[in-house]
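Fit chain L to the given chain B structure using the hints.
Number of protein chains: 2
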Amino acid sequence: MNTHTAQDTPFIPAPRITTVAGYLLARLAEAGVISVFGVPGDDNLPILDAIAARPGLAWIGMATEQGAGYAADSYARQRGLGAVVTTFGVGELSAANAIAGACAESVPVVHIVGTPALEARETGARLHHNLPGADYGHFARMAAEVTAAQADLRAVTAPEQIDRVLGTALATSRPVYLTIPADVAGLPVLAPAGPLSRAVPEPDPAVVAAFTGHARRVLAVADSASLLAGHLAARHRVTAQVRDLAVAGNLPVAVLSVAKGDFPESDPRFAGLYAGPASAKRARVAVEDADVLITAGVTLADTVLGGAHQLPARRRIDLAPEQASIDGTVYPGIGLRQSLAVLAAAVRSMPPRAGLADLPPFETPAEARGGPLTQAGLWARVQEFLRPGDLLIADQGTAFDSAAGLPLPDGAQLIGQPLWASTGWSVPAALGASLAAPDRRVVVVADDGAMQQAAAELGTLLGQGLAPVIVVASNGGYTTERAIGRPGAGYHQIPVWVWTELPAAVGPATSPVALRAVTSHELAWALAAAGSHAAAGRPVLIEAVLAGDAPLLLQDLTRALAASARQ
Amino acid sequence: MNTHTAQDTPFIPAPRITTVAGYLLARLAEAGVISVFGVPGDDNLPILDAIAARPGLAWIGMATEQGAGYAADSYARQRGLGAVVTTFGVGELSAANAIAGACAESVPVVHIVGTPALEARETGARLHHNLPGADYGHFARMAAEVTAAQADLRAVTAPEQIDRVLGTALATSRPVYLTIPADVAGLPVLAPAGPLSRAVPEPDPAVVAAFTGHARRVLAVADSASLLAGHLAARHRVTAQVRDLAVAGNLPVAVLSVAKGDFPESDPRFAGLYAGPASAKRARVAVEDADVLITAGVTLADTVLGGAHQLPARRRIDLAPEQASIDGTVYPGIGLRQSLAVLAAAVRSMPPRAGLADLPPFETPAEARGGPLTQAGLWARVQEFLRPGDLLIADQGTAFDSAAGLPLPDGAQLIGQPLWASTGWSVPAALGASLAAPDRRVVVVADDGAMQQAAAELGTLLGQGLAPVIVVASNGGYTTERAIGRPGAGYHQIPVWVWTELPAAVGPATSPVALRAVTSHELAWALAAAGSHAAAGRPVLIEAVLAGDAPLLLQDLTRALAASARQ
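First to last, the protein sequences are chains B and L.
The opening position of the first sequence corresponds to residue 1 in our numbering, with each subsequent residue numbered one higher.
The opening position of the second sequence corresponds to residue 1001 in our numbering, with each subsequent residue numbered one higher.
Extracted from the complex, chain B is given alone in its bound form (with noise of 0.2 Å):
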């Protein structure tokens, strides 16, 4: 029996020997990162090593890069971090959509590409992967472009480098990007001797000062104030801050469809979906009526603003994640749990104001009926399977437009890409965010042609034994774009696909169910089976034939849209 204890031995740690890949794989780890997404490639297998050997974290390979990076990407955004593994040129060009869309949402997406050797490009070598040359700089220039922070990794300076890209991400909420040479991959590094910083630079309390007495002044004088929440309040950590200054103040809040979920919907104070001249009654009055309009975390963007790019309020105190402004006057270096602090003390001093009584009611949803399907009784029934913590994933196009409209359960959340818009991201960003989050159920919905492109990665999807709830919205085409454009024109149409034999040709070892419903019935009953089924884990696709109507609010966004587009 070993008698010693700490007392008698002060212990010192010997400092611990990892490798450059090693050390990254160690703060992906701390940050909450248990799996990795990517594609081999000759130049990232040291890393791919490097990860098979670290126990814990999980090699999730995928068919291709565009589907690994939309997987990192919604992994990020239940993790808090996520990770995408390329390999030179080729593989981190193909996920270059993926990492620009993590821009464009603000998702922390570390992208590491493994690069040639050093030795090799020190010679001058002309290899594949490259463009004609010996320039090896092309792609890292272009990665420059829509990631926040960026490092070519050498041994000597790698810990602090992956330290500072890392903190990066998690600060900015950003994708990120590191290439490890394929002979630096292994080289001996010490492993982190502390937790990688997150310290947040405090921001100037004369600024501090000044913000909190202009927003206590504005709201003393303003007759009623609401809440406009965006997605970068759920990416920064703040949504319950948010629920902490709506209760305080008793504010209506409305969200964008990008926050869709960050806030209860079952709160009284919820004043719904607020999507510009598109927006139901209850959330345009809480926006546009109100005396001061306090926005959260808000990016605009045409998609999330029904077309419209401003918001119409009269006074406006908004909350950035680095600056807080005040009908214009920028008070920088306030971060969002900062500002929103200094609101809820504000408005829990002040007396009781008008405004959430006199909010219109919510619009009853429309109940499901019988016969043909169309697209509100495909969402009707989608909205009656739905159930509290949902993780509720629509492709950008028809699905993510109506899923925004939808009531949702407490806890559940809608997920999507309406700023970015690419098609065909919720068959992976399904796959990632099952394995984020393996305690939700994962519904999916997606348009036919966003389901086509995705097809690849359905097969990985199915490979990894997962058993979300696919529904393919069959109407033969681009709705979307039908509905800006000439809607007979050939363009818009899509090669016919038999969904129903889709999953047993590229998932046949997990026994999926493939459904096919062409009635709002039988959609009922298809969802029933598919609950019963996904529950016991198995996978289901279930193919919903539409009569080619498009959604209400995709109409009235659409229309904006065209407007826009067409001057």
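Do not take every clue at face value.
Unchecked claim - Cβ-to-Cβ under 8 Å is the rule here; a few derived chain L residues that face chain B: (1) Ala1052; (2) Gly1061; (3) Thr1064; (4) Ala1455; (5) Gly1463; (6) His1492.
The hints are simulated quantities; they were obtained by calculation from the structure and are not laboratory data.
Heads up, the beta-carbon is just placed ideally off N, CA and C, and yes, glycines get one too.
This is chain L only, laid out in the frame that chain B set:
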């Protein structure tokens, strides 16, 4: 009856009016482009409308922009120019890998991107498909890294900009990038008044004279000379001139894998495939033992040189598209056509030399045998199946490396992407080649990993009613990476698919035939059936189930690549 004739009233054509998009399409048609590949998006619909309105021009809607880019690349290899249309941000970045591949492989692809309306941008509007902020230039800056010329079109300068950019694509055989704002595509411009200038600047006669003298001196004292042909000879349309030179000097001609099929293999001067240390003896002797090695349109890369980076020749005359050089002395401005003519004249006036008769004979190609299907058995059957004029498209990986070793019937051509080396290229490439050369039979061989990546575009190909023969080399993973890295590692695994069920799921309208072969005899029968079906217009997919051995050339090649990657 109108009695006026041209003699009576000289015809003065009125200047014809077209649109910016119409001008571009007229120039594309002039260069031989009658199919344009792409994916619809809100910002490119005005361009798609112009395509739909132009008689004789077909819009080929693809599932993915990457597939569209690959198809345009393959199309351009057959017809001299290809075009792909994508939308701002999401679309163009999804094609980034394909465009970079065209750059690496010297293929003239015009990447046409529909961008947001100027009117929206000028107000600083926050638009979807962009990064946060009002900088609309991120993606154009990325494109400039991988294209030879770029222009953002405005009506007043569109004709000259289009002519400049297309002229660069044709002269350099490289991809180019054109952006057309949604509110510019339809603006009126004057239609082309004359043909697109393809004038190439004349080289300095003094430089030509110096090159001629130097070449004659070198060749006069050479005991032997050989030719090595690269892909730039075909890209710059001088394969006939390469043959003229070979005939003039009775020179042995070896080809790199990228030029397989560009020199007739029944010609007694043909010396076979040169692949560095992985070459057969005849080609090695021809290239490495020649007193003078003449290279025509050769770009070096490790993947075409068996892992080597240099040619081990004694004396070199290198003929490139924009210069010639002799043992390192550069003669700028001399194009391939002229330098090949100079050398043909030089060798014609010289006494016959040793060389051709001394070359070792070709090794007898492996004969097909019965039993379980091996890599050697697969390729022996593919070789039996090939006939003159076939286009054999082999995906990067085991397929291309093996295909490069096959003797080709005259007029048959191997198409692949060994320099850029992006897997999944072959199915979209088969679509592009089938449309570009409808009279040729297209035979595709792809590994299962590559084929999974291309699943969505298999649907596009079948939806277009095309009838290639597709062989999936089914070995459950990435064989090339297995040969480089740890063969047992889990990251080489891919999901199991039921290949024989895929065609009917993604292309039911064309009644595709799906067959499965696990022995050499079954593959022979399947290919024989495929030949009949393809001739009758029915597409065929054959799953060739392999025992899992890597092909011999790949074993040699990857041994060398592994050594250089892991240094």
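Against the structure, the hints:
1. Ala1052: holds (6 Å)
2. Gly1061: Holds. Min distance 6 Å.
3. Thr1064: holds (5 Å)
4. Ala1455: holds (5 Å)
5. Gly1463: holds (3 Å)
6. His1492: holds (7 Å)
In terms of the numbered hints stated before, the structure departs from none.
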